[in-house]
Every structure is written in C-alpha cells, then in structure tokens.
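Q: Given next are the chains, with one letter for each unit.
Number of protein chains: 4
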Amino acid sequence: MDIRFSAGVWAFDGCGDRFLLRGYRDGKLVAERLKEAASIPGLSGVELNYPADVTDANLDEVEEALKANKLQASIIGVDHTGQRKWQFGSLAAADPGIRREAVILAQRGMDVAARLGANQINIWLGQDGFDYCFQVDYQKAWRWLVESLKEIAGYRSDVRVCVEYKPKEPRTHAFINNAAKALLLVQEVGLDNIGVTIDVGHSLNAGENVAEALALLAGHGKMFHFHFNDNYRSWDDDLLVGSVHLVEYIELLYWLQKVGYDGWYSLDVFPYREDPVQVCRESIATLQGILNLVNRLGIPKLDELIAKGDAIATLSFIRQHILP
Amino acid sequence: MDIRFSAGVWAFDGCGDRFLLRGYRDGKLVAERLKEAASIPGLSGVELNYPADVTDANLDEVEEALKANKLQASIIGVDHTGQRKWQFGSLAAADPGIRREAVILAQRGMDVAARLGANQINIWLGQDGFDYCFQVDYQKAWRWLVESLKEIAGYRSDVRVCVEYKPKEPRTHAFINNAAKALLLVQEVGLDNIGVTIDVGHSLNAGENVAEALALLAGHGKMFHFHFNDNYRSWDDDLLVGSVHLVEYIELLYWLQKVGYDGWYSLDVFPYREDPVQVCRESIATLQGILNLVNRLGIPKLDELIAKGDAIATLSFIRQHILP
Amino acid sequence: MDIRFSAGVWAFDGCGDRFLLRGYRDGKLVAERLKEAASIPGLSGVELNYPADVTDANLDEVEEALKANKLQASIIGVDHTGQRKWQFGSLAAADPGIRREAVILAQRGMDVAARLGANQINIWLGQDGFDYCFQVDYQKAWRWLVESLKEIAGYRSDVRVCVEYKPKEPRTHAFINNAAKALLLVQEVGLDNIGVTIDVGHSLNAGENVAEALALLAGHGKMFHFHFNDNYRSWDDDLLVGSVHLVEYIELLYWLQKVGYDGWYSLDVFPYREDPVQVCRESIATLQGILNLVNRLGIPKLDELIAKGDAIATLSFIRQHILP
Amino acid sequence: MDIRFSAGVWAFDGCGDRFLLRGYRDGKLVAERLKEAASIPGLSGVELNYPADVTDANLDEVEEALKANKLQASIIGVDHTGQRKWQFGSLAAADPGIRREAVILAQRGMDVAARLGANQINIWLGQDGFDYCFQVDYQKAWRWLVESLKEIAGYRSDVRVCVEYKPKEPRTHAFINNAAKALLLVQEVGLDNIGVTIDVGHSLNAGENVAEALALLAGHGKMFHFHFNDNYRSWDDDLLVGSVHLVEYIELLYWLQKVGYDGWYSLDVFPYREDPVQVCRESIATLQGILNLVNRLGIPKLDELIAKGDAIATLSFIRQHILP
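Residue numbers (the UniProt record's numbering), protein chains in the order written: chain F, 1 to 324; chain H, 1 to 324; chain L, 1 to 324; chain R, 1 to 324.
Note that these hints are calculated values from the structure, not bench results.
Glycine included, C-beta positions come from ideal geometry on N, C-alpha and C.
Hints may contain errors.
What the simulated footprint calls covered on chain F by chain R, stretch by stretch (three residues with Cβ under 8 Å from a Cβ of chain R suffice, anywhere in the stretch; the number is not a length) [to be verified]:
#, stretch
1, 62-72
2, 305-319
The calculated lysine-lysine pairs, modelled on DSS-like cross-linking and capped at a C-alpha distance of 30 Å, are [what the hints assert, rightly or not]:
#, chain 1, residue 1, chain 2, residue 2
3, L, K28, F, K28
4, F, K150, H, K222
5, H, K70, H, K85
6, F, K308, H, K85
7, L, K140, R, K85
8, L, K140, L, K150
9, H, K35, F, K140
10, R, K308, L, K140
11, R, K258, R, K140
12, L, K35, L, K70
13, L, K150, R, K308
14, H, K150, F, K258
15, L, K301, R, K140
16, R, K28, R, K85
17, F, K35, R, K308
18, F, K140, F, K35
19, L, K150, R, K258
20, F, K85, H, K308
21, F, K301, H, K258
22, L, K67, L, K140
23, F, K28, L, K85
24, L, K140, L, K70
25, L, K308, R, K140
26, H, K35, R, K28
27, H, K301, H, K258
28, L, K85, R, K301
29, F, K140, H, K258
30, L, K308, R, K301
31, R, K150, R, K70
32, R, K35, H, K85
33, H, K67, F, K140
34, H, K222, F, K222
35, H, K28, L, K85
36, F, K308, R, K222
37, R, K150, L, K258
38, H, K28, H, K67
39, R, K140, L, K222
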C-alpha cells in the first residue's frame, strides 16, 4: 500500500485567533512555507488555498516552488470564507451577485488545480449558514447550494469537486454540517466529479463516528478527500493527529484500507503555539504507526472479529498489541 | 389551520429509569392511560406502541377504549427496542432471523395501524447502532436497513412508514442519527409511503436547528410525523415543551405553518416525577400560545423580515411581542 | 431598582476571527467606539481592556472621552491574552519571569481602574490552561495562580479583583473553567477584594445553570461582576442577549434581584456581522423587558411557587405572561 | 506499588434501562454476583450498595459470601437514588423529614461499612438536583447539603465519607456536578473523614480533564476513592475502561502514581449487552497494561518532559512506546 501524505500550508503560517489577530508567530510567504513542508519526512503533497496561498499573481512562482521542493499540489482549497464579501454566505448567499462571484471563483480554482496538477478542488463553505434563529430561509439556501454546485462541477469534468462539511465556525451553524447532509447534497447535484471531503475534526465535532461516516460515503462512491487532525469534539481544535482520539483513529485507518481509499492522507492542523514542522512530522509518524499496527493486526482478522460481533473480544485483541 | 394534538400513552405509565426500574410511580393499564389522555383539553389523538401498549391480545379492548374516550390513534409505534431479542439490533441486526422477525413485526404493526385507523406506523430503531468502535460493519448494516425498510414499506401502500431518527440511547451510537441520514435512507428505499418523523428532542440532541431539519425534509416531501418535547441538548430528557428551547420552538412553529405541515402535533414526553396530565396540558397550552404568537406576528411579515436578512431586527420584532 | 448597563468596547471594533484576521469590518479608535457606546439608550458604562483599548499612552485621552461622552468605566479588563508573550500562560505560566510580568500588569491595571473611577479590574486568564494531555503540571499551576492572585489583590485593597472563568478558548482547556473552581480559587487567595465574574456564555459553555452559579457565588459573598451575552452552549459565540436562552435569562434576572446584586449589568458581545450599536441596544431592551416581566410576575410570588416545588405549575404561570 | 482492584457488583446484575426495565439479562442474587466477581483475575474487592446489594436482612449472608469468595468490601455505596421517596432529593430535599431519613440511612451505611471492614461509604446524590429552571432554591439546597453531610461525617470518624460528583442523570442537573464543586462542599463540611470520589465517566461528562481533577483533589488532601469506566463524554455510558479515552487514561494513571494515590482502583461499569466478567477482566487488563506502560516510560522521565513543556515531544515519546 502506497500512502501519500499531504499538508495544508496554512499550518506553517502565523496562526492567529480572535484574541491574537496578528498570529502566535510571524506569518511566512508561501515559498518559505513550502520549503518547511518539504523538510517533513514522508510528505509529498501540499494543499494550497486559492486565492490565499496561491493567487493569480503568484501562480507561476508557486508552480516553481512546488517543483523546486519536489512537492505535488494535492488539492486546491477554494477560499469562500476569508474575505468580507462572503460574510453572509457564498454559494448559498441570498445575494445572487455574490453567488455568481462565488461560482466563478470556484471555477477559476478548478483551472488553477488543473494547472498545478492537483485535479481536485476542496469546497468548504465556512460562511454559508446562520448564527440566529429566523435569520435565513433554509429551503432557498438549499436550492442555491445545489444550483451553484451544479455550475461548478459542470464547468469541467476533469477536476473533482470535494465538498467538506463542518457543523460550525465561523457561523454558529453551517448548512452542510455532517456526512449524510454532504452526501445528500452531492447526490442531488448529480455529477460524477463531485464528492465529499471528510475532515476528521469536523466529523468528531458533528458527533459522528468517523469510520462510520467514511463507510457511508465510500459505500456511495463519494469518498473523495481526507483531512486529518484531532480535537476534543466540541470545537475544531485542529490538533496533532491521534493526540485525543487514538482508538477512533485505529478504527478509521482500518476502514480506509478496507474500502480501498486511494486518495491523499492530508493534514489539516493549526498549530497556534507549536512548531508546525514538528506537528506534521509527528502526525505522519502517528498515522504510519497506526497503519503498521493495522497490518500487524491484519484486516482479515479484524473483519472476522467484527463479524463475530463480540466487541470486548475485538478491543481486547487490539489492546494486547498496543499495551502488551 | 386546524391543529390536531396527540400524545404517546407511555407518558401516563410508570416512567422508570436505570436506577429506579420499577418506575417513579405505579404503572397503569392502557385503558386507564387512555382515560387520562382523554381528560386533556385539546387532545384528540394518542400514540400507541405495538406490541407494548397495544398487543394482539388487547387489540379489541384498545379499539373499544379509543372509541369510548373519543380518541383517535394518531400513529402506531412499532417496538423494536423494548425486548431482549432486539438488543443487538432489529432491522439492521447481523442475524438474518432477527431481521426477518423485525420486518414481520413492522408489517403486523401496519395492519394494526390500519385497523385502528391510524394509517401510519412509527419506526424508531433504538437498538440498531453500536456502543464501541470495531463493533459493527457499517456498510452491511446500511444495506440491511434499506432492504428491511423496502420490505416493510412495500407490504402495503395505504399505511405510511415514518422513520424516527435519534443520535443515541439506548446504544451509544444509533445508525439513523440525524435528519439528513434519515432522508438519505428513505430516499434510498424509494417508496412514496416512507418518510421521516422529527422528534424535537432527538433533533436538538443531534445538534440540529429543528426548523432547518423540518425545512429540509419538507422540501423533499418526506416530513411525515412530529414529536414534541424538550431537553438540554446533550440527552433525550423528554421534558415539557418549550421549557428550554422557547426561541427555537417559535421558529419551528412558524416553519410548520410555512411548509403547510398538516400532520399530528404529537407529544412524546416522559414525566418521571411530574403529573403526566399536567405536563401534556401545559405542553399543548404552550404550543397554542406560540401558534397564537406566530399568527399575531404574521407569517408574511416574518417572511419579509427574513428576506431582508437583518437577524437582530427580526428578533427584536419578536421580542417586542413576548416581552413588551 | 436602579440597573446600570455597561458594554465592552471591543464590540465596536473590527471583530475578526481566525479565518478573517483583518476583521469583518474596519477597526475603530477607542474614541470613536466610546461615541458609539454613548449613543445606546440606557447605557451608562463601558468596559475597557488594558493595555488594549486603554494604554499608558492614551490614558488621558480615554479619560477625556469618557467625560465627554458621559460614560463611566465600569471595570478595567487586564489583557493577559492578546500578546504573544502570554501564549503559554500568564499568572500560571511555568516561566517565573512571565508570571512576574503578568502580576505587574494586573497591578498597573488596578491603578488605571482607580484613576478612571472603575475601582475594579477583570482578570480572565485566557492563556492559562493547556491544549494537550501531558502538557502541564496541574498542581504547580494551581499554586502559581493562588500566589499571583495574592500579590495582585494584596496590592491595593480599594480596587476589586474579579476573576472571570471560562472553560476553553483560546486554549482547549482553561484552568479556571467553572464557577465552583473560581470560588475555590478566590477563597484560597483569601482576601476580601477578590471575587468572581460570571460571563453568561462562559457559564453556559461550562454546562452550568447560570442562576445556580450566581446563587452559589452570591451565597459565598463573591458575586462581583456580570457579563451578558448568549450562545449555543458548545462555544463562546457572544451573541445577542436572550436570542437563545430566554428561559434561563428569566430565571437569572429573578435571582439577580433575589440576591440583591447591585453591580453592573455589562454586555460582552462580539457582533462579527451585525451592527454593534444595534446588538447592544437590543440586548438592553431584552434585559429590561425581562426585568419588567419579573416585576409583573413578582418575586414573592415566584419565591412561593418555587417553595411549593411544582415546576410545571411555576413554568405555566410564567408562560401565561409571555404567551398569553 | 500494590494496586488493589475492585468492582461494583451491580455490573453482574440484570442491567436495565428505561426502554427495557426488566433488564438485558436476568438479575442475579448478590451471592451469585460475588461468585462471578471472585472469578476475575486480579480482583480483590467489591463495592456493594446499601440497602440494595447489601441490606439489613442479608448482611450476615453477604459477610459470609465475601469471606467464602476471598473478597473484601472496598466501599459501601449508600443508595440515595433507587427508591421513590428520594425522587425530589435526599440530603438536599426540601422536605426535612426526607433529609432526616437520608442522613440516618447514610449513618447506617457507615455502620455496615465498618462491620464489613470497608471503612468508607460512597455518597452519590443522584436525585439531588433539578430538571427545570425555577424548580429549586439553590441556596437552601446548598445549606441543606452541608448540614446533612456534617451530621453524616460527624457520626463516626473511623469511616470515611466519599462524595461522588456527577453532572446529570437521573436529574437533568445535579447539584454536585464537578470536582471543584465537590471539593468546595467537603471543605465547607470541614471534617477530616470526608473527601471526594472521582468516577472517570462522570468527570469526562463534566467536561473535565480527569488527571487535572485528580491533581486538584489530591493537592487538597481530598482524593478518597476512584471509579473507572469510559464513555463518549455526553453521557455516563459506563463502558469498558480505555475503550474511548485511552490517552486520557495514560495521563490519569501517571498522575495516580505521581500523587501517591493508595486507595482502590474500582470498576463502575454497566455492561447492558456484554458479559460483565469479560468486561471487568478486560478493564483490569487494560489498567495493568497502562500501568506497565507508565513504568516503562518512567515517572521521572515524564516529569522531566512535562517540565520542559514541549507537549508534542512528550506525546511523541509516549507514541513511540505504544505504536512502535
């Protein structure tokens, strides 16, 4: 099995929050960040947001830097969140002009993805949702989402569109807030090149068992892309992989092998106070350690134990391998 | 609009929990419970579980008691939870014999519903889920669910099948845990007579905005039945309607009018320590008070305010009517 | 009863988050923000953070602006969060130099408070906590907290020190995370001029019933200051007062009267996308509407109903006044 | 260090819930349950509830059975929850007659504990709390709690009184809902023989980091007794130890060694659908596996890493031992 690891390059940037807007450290140019990424053992890909990390202006430069650092663009994230104009929504905004602009941005992001060889874009709709009761018309918002995504996925069939769900933040409620809703949405869009991104932290935050979410999406042919990180369930803390949900991660990596997921294993961490290179390196080491464990346990053996249905026996078998 | 109120008759029973299994008060025969229900102003319907409140043995008796008390059966709940044989699942159990039995039980429930004039059954799959990681094969479980529900909904088209989602309890994780998952499931079953039940407490527990869940289901023609109660979000407390989520209830009742929901407004409360008649009476009074408020506010006026998109102005308008 | 309303002046600033660091609107100088605050009917006080809104450099200017706008400084918040040096803690930092600096900052904040006539400082320890298991020595941190606060409260007895608890953000875990922990801490410090600030949103986020937290603190003579806002329990959303927890707010305002709280009613809202003047105005109108309701209900009548212990009857009595 | 393992004997009983009140299996007499407990490798103690597992009537018989099975009574739980008379509270009930009865029951429990050689009772106040806003007078309840516990702890100084906190269930809100509140309470009672029980699941449910709660209590000399189990944070699922919070358990066992906790390691699991002997056996194996790991890691080495404050490096060190 040939696992390809990737990381979002925002991890190497300044990492601010609402109390420290200028960041917990100084920000860095994308070229420097790519260099840092390239120093991480096992990492061969990077995620770049458009237009944030990569823009129309620095596209050539980014392409160069990728080559120079022997990194592939794993996916291009379309930034529908980080500018004021999107604050009441993008693909589902009530304002048709904003929706139009948001669709066009995604289409340009597809072109950028194709140019950089990523061949897939990530669409996370951070601002499409609501903060208060009585703020939006849910039915109209749903229709606008479907229509906008049809225009995007229909724009070019050689670039995949990966819709990433998240229950909240920056809005108190996002429209596309769990795996089933995301699947429903992409099914309604009805095109082959649209599917779903699971971000492990978002899935935990949605109250999901991540392996179950993966199984549902893979069973419907829509498991397109994966973000790894960890949190304490109530918020998207974007922590070191496995630092909290180790048992869930073991189950998840077993299922990733089982369903034959062959996409990127991409890190989406946000190390406010930690060294990003260290966090990425340790996240990859943890994932590799778990993959080795799953191999030692054996997928057929785990299948057999699950088929027997004695959960305690199965957990005991696993425990004997990690706490001998 | 002519609102029809109903209540689950288990509210009038002993109401035990795991620490007080014999109940917070003595249990009562169904005939007595129906008499109590009939004493509640505005209540014209009752929910009965089969085979628990209504059984093959007491069917005639229940039919008589309904007539005597001038009550309609609003829906028949099929009890796939309260017997030991279902403890590892019913419609999605790994054991094909259990699945068969569970399907047949639901079909018999449909016959009972037809006989009692309810013409709809409620299927809440309390035991279909898992407690631990590595306990079940999520993909098989999904297939079994779809197959079982096809056999049920296909059994007779004159009885509606309402699937009620709930994120947890009695399992730590239920398969059908939110509105979108339930909608995905019934769409996959693909028959006209299968739809979804929203239980307000389950929806809150799933982290949903209830009005949004309603809007999604109604927009897809699958909003079949409704359970009212309240809780503190982290558990299915089955409290007095509006005792916690008053603002959400106002939004919900506005949306129920807006989408033209014409089904039952059914109470699913579990008053361990309170008088169930008092809780149902006050729940109905609260719902009617909110409906009156929504009428005073005016649906076109609320539509207009929402279209303007100024959430604070909309909430201010509502506040002036409840806190003058 | 003479209620004094106040608001944190950060509400009138740019309001950024980690995805939109430059803010959802342009930031404003403190003088402009004070002018906005002064335009809000019923508002007579403002909270200022030191050294952020008020600094050593602009102290005279702020004093002037307060006078010119007929505003009082209700409390001075000491900013132990918004600079990089505090990122691993302030009063409980492992580095003794940082702790010293943090103590001195608070003492200077007390001088500023005295100078501006506020006579109380607010200490919210946003960075004192941890993100990961195995990150800190909890016992040392507790001792450092107690020692640091002794030095602060002991610095001058004419300025009150109000410790504000919050369960998380910006750390995934804060040390002083609920009302009982805050009370334990200030009792251990053991000086008369140290007490607790309840921020309603932090209390909800801590899983508390806010009225109960207030009753506990007031019963121990440590209920010093109050922040009003609202949220959806899982995060500190800093929303419009009463937009979510209306029932809890009614109970809270009843208890505030009952225990004779005579401090400020201060707004701590963070209106990313809304007009801050509108949010503060509507928050005050909501609080006044609830106070009027509590007066109409009558505190002796509510006392009597609570003494009877029939929760449904009490809630029914209240409901009849808001949903007639 | 010589670890003593214990288990609550209710684990071996029928285990019902509100949907299956007669239990997921048949109940068993206490003598049979003790025999099952005795079959578990490494288990030397049992917890018994009075008057439930042990009563005035079967006291001699239980004493015999303990001897016959070579089991010690680790602690006697006083049952203030499982009878209807406690439904609105016990030690903090508004009815003084109920409070009196509750105090006497605890005192008799102390005599039973002394007689059986346990020398400590556990007080978990399941019914002392509230379900609704406006249901109770929080200040009176607190005073009644303190007074009742004074009478109990003062009754005989040779038996320890361990107060177990839990945020909810069976009430939607319990008064003694977290570690700090419990510590505040026992400090206010002010007697040497009263302290706190941490139940890991209750602590997780309270949003606590369990190791931090332990450190706080141990630092104040009040860490008396420990219940082990696991859950998904939002409810007291009473699952197999370490099946969810493995990382937290490693940190907890490190801290238990660090503070020199020398009490019982007692299992409080509730295996509805699993074999209780298997769950207890595997729980103990997991705890022993973690203890071995902590020894391999070395407490001085962990102390040193924590003092350095590089969380990622510390977690990496641990990860290398469990996922080599």
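Q: Give a verdict on every hint.
A: Evaluation of the provided hints:
Given as covered by chain R, the stretch 62-72 of chain F fails the check, having 0 residues with a CB less than 8 Å from a CB of that chain where 3 are the minimum. Counting residues of the stretch 305-319 of chain F whose CB lies closer than 8 Å to any CB of chain R gives 6, which reaches the minimum of 3, so the coverage claim holds. With a CA separation close to 27 Å, the supplied pair K28/L and K28/F stays within the 30 Å bound. With a CA separation close to 23 Å, the supplied pair K150/F and K222/H stays within the 30 Å bound.
With a C-alpha separation of about 35 Å, the suggested pairing of K70/H with K85/H is violated against the 30 Å cut-off. About 17 Å separates the Cα atoms of K308/F and K85/H, which keeps this hinted pair within 30 Å; it holds. Restraint check: the Cα-Cα separation between K140/L and K85/R comes to about 45 Å, which exceeds 30 Å; the hinted pair is violated. Of the supplied pair hints, the one linking K140/L and K150/L holds, its CA atoms being roughly 15 Å apart against a limit of 30 Å.
A hinted pair counts as satisfied when its Cα atoms are at most 30 Å apart, and K35/H with K140/F does not qualify at roughly 45 Å. Between K308/R and K140/L, the direct Cα distance comes to roughly 14 Å. Compliance with the 30 Å bound is thereby established for this hinted pair. Restraint check for K258/R and K140/R: the C-alpha separation of about 39 Å exceeds 30 Å, so the hint is violated. Distance check on the hinted pair: K35/L and K70/L sit about 10 Å apart at the alpha-carbon level, within 30 Å; holds.
Of the supplied pair hints, the one linking K150/L and K308/R holds, its CA atoms being roughly 26 Å apart against a limit of 30 Å. For the proposed pair K150/H and K258/F, the alpha carbon gap of about 27 Å is at most 30 Å, so the pair holds. At most 30 Å may separate the alpha-carbon atoms for a hinted pair to count; K301/L and K140/R meet this at roughly 17 Å. Restraint check: the Cα-Cα separation between K28/R and K85/R comes to about 25 Å, which is no more than 30 Å; the hinted pair holds.
Taking the CA atoms of K35/F and K308/R, the gap is near 28 Å; set against the 30 Å cutoff, the hint holds. A threshold of 30 Å between alpha carbons decides the hint, and for K140/F with K35/F the separation of about 44 Å lies outside it, so the pair is violated. Simply put, K150/L and K258/R have alpha-carbon atoms about 27 Å apart, close enough for the 30 Å limit, and the pair holds. The straight-line distance between the Cα atoms of K85/F and K308/H is roughly 17 Å, inside the 30 Å bound, and the hint therefore holds.
In summary, the hint linking K301/F to K258/H is not supported, as the alpha carbons are separated by about 53 Å, beyond the 30 Å threshold. Distance check on the hinted pair: K67/L and K140/L sit about 44 Å apart at the alpha-carbon level, beyond 30 Å; violated. With a C-alpha separation of about 19 Å, the suggested pair K28/F and K85/L falls inside the 30 Å cut-off, and the hint holds. In summary, the hint linking K140/L to K70/L is not supported, as the alpha carbons are separated by about 45 Å, beyond the 30 Å threshold.
Proximity of K308/L to K140/R is assessed by CA-CA distance (about 14 Å); at most 30 Å being required, the pair is judged to hold. Distance restraint check for K35/H and K28/R: the Cα-Cα separation of roughly 37 Å exceeds the 30 Å cut-off, and the hinted pair is therefore not satisfied. At roughly 12 Å between alpha-carbon atoms, K301/H and K258/H fall within 30 Å of each other, so this suggested pair holds. As the CA atoms of K85/L and K301/R are separated by approximately 27 Å, the hinted pair is consistent with the 30 Å bound.
This hinted pair checks out: K140/F and K258/H have alpha carbons roughly 13 Å apart, not beyond 30 Å. With a C-alpha separation of about 59 Å, the suggested pairing of K308/L with K301/R is violated against the 30 Å cut-off. Of the pairs offered as hints, the one joining K150/R and K70/R is violated, with about 34 Å between alpha carbons and a cut-off of 30 Å exceeded. At roughly 27 Å between alpha-carbon atoms, K35/R and K85/H fall within 30 Å of each other, so this suggested pair holds.
At roughly 44 Å between alpha-carbon atoms, K67/H and K140/F are farther apart than 30 Å, so this suggested pair is violated. The suggested pairing of K222/H with K222/F holds, with an alpha-carbon distance near 23 Å, which does not exceed 30 Å. Between K28/H and K85/L, the direct Cα distance comes to roughly 66 Å. Violation of the 30 Å bound is thereby established for this hinted pair. At roughly 45 Å between alpha-carbon atoms, K308/F and K222/R are farther apart than 30 Å, so this suggested pair is violated.
Annotation: proposed proximity of K150/R to K258/L holds, straight-line Cα distance about 27 Å (limit 30 Å). For the hint pairing K28/H with K67/H, the CA-to-CA distance comes to about 19 Å; that is within 30 Å, so the pair holds. For the hint linking K140/R to K222/L, the alpha-carbon distance of about 17 Å falls within 30 Å, and the restraint holds.
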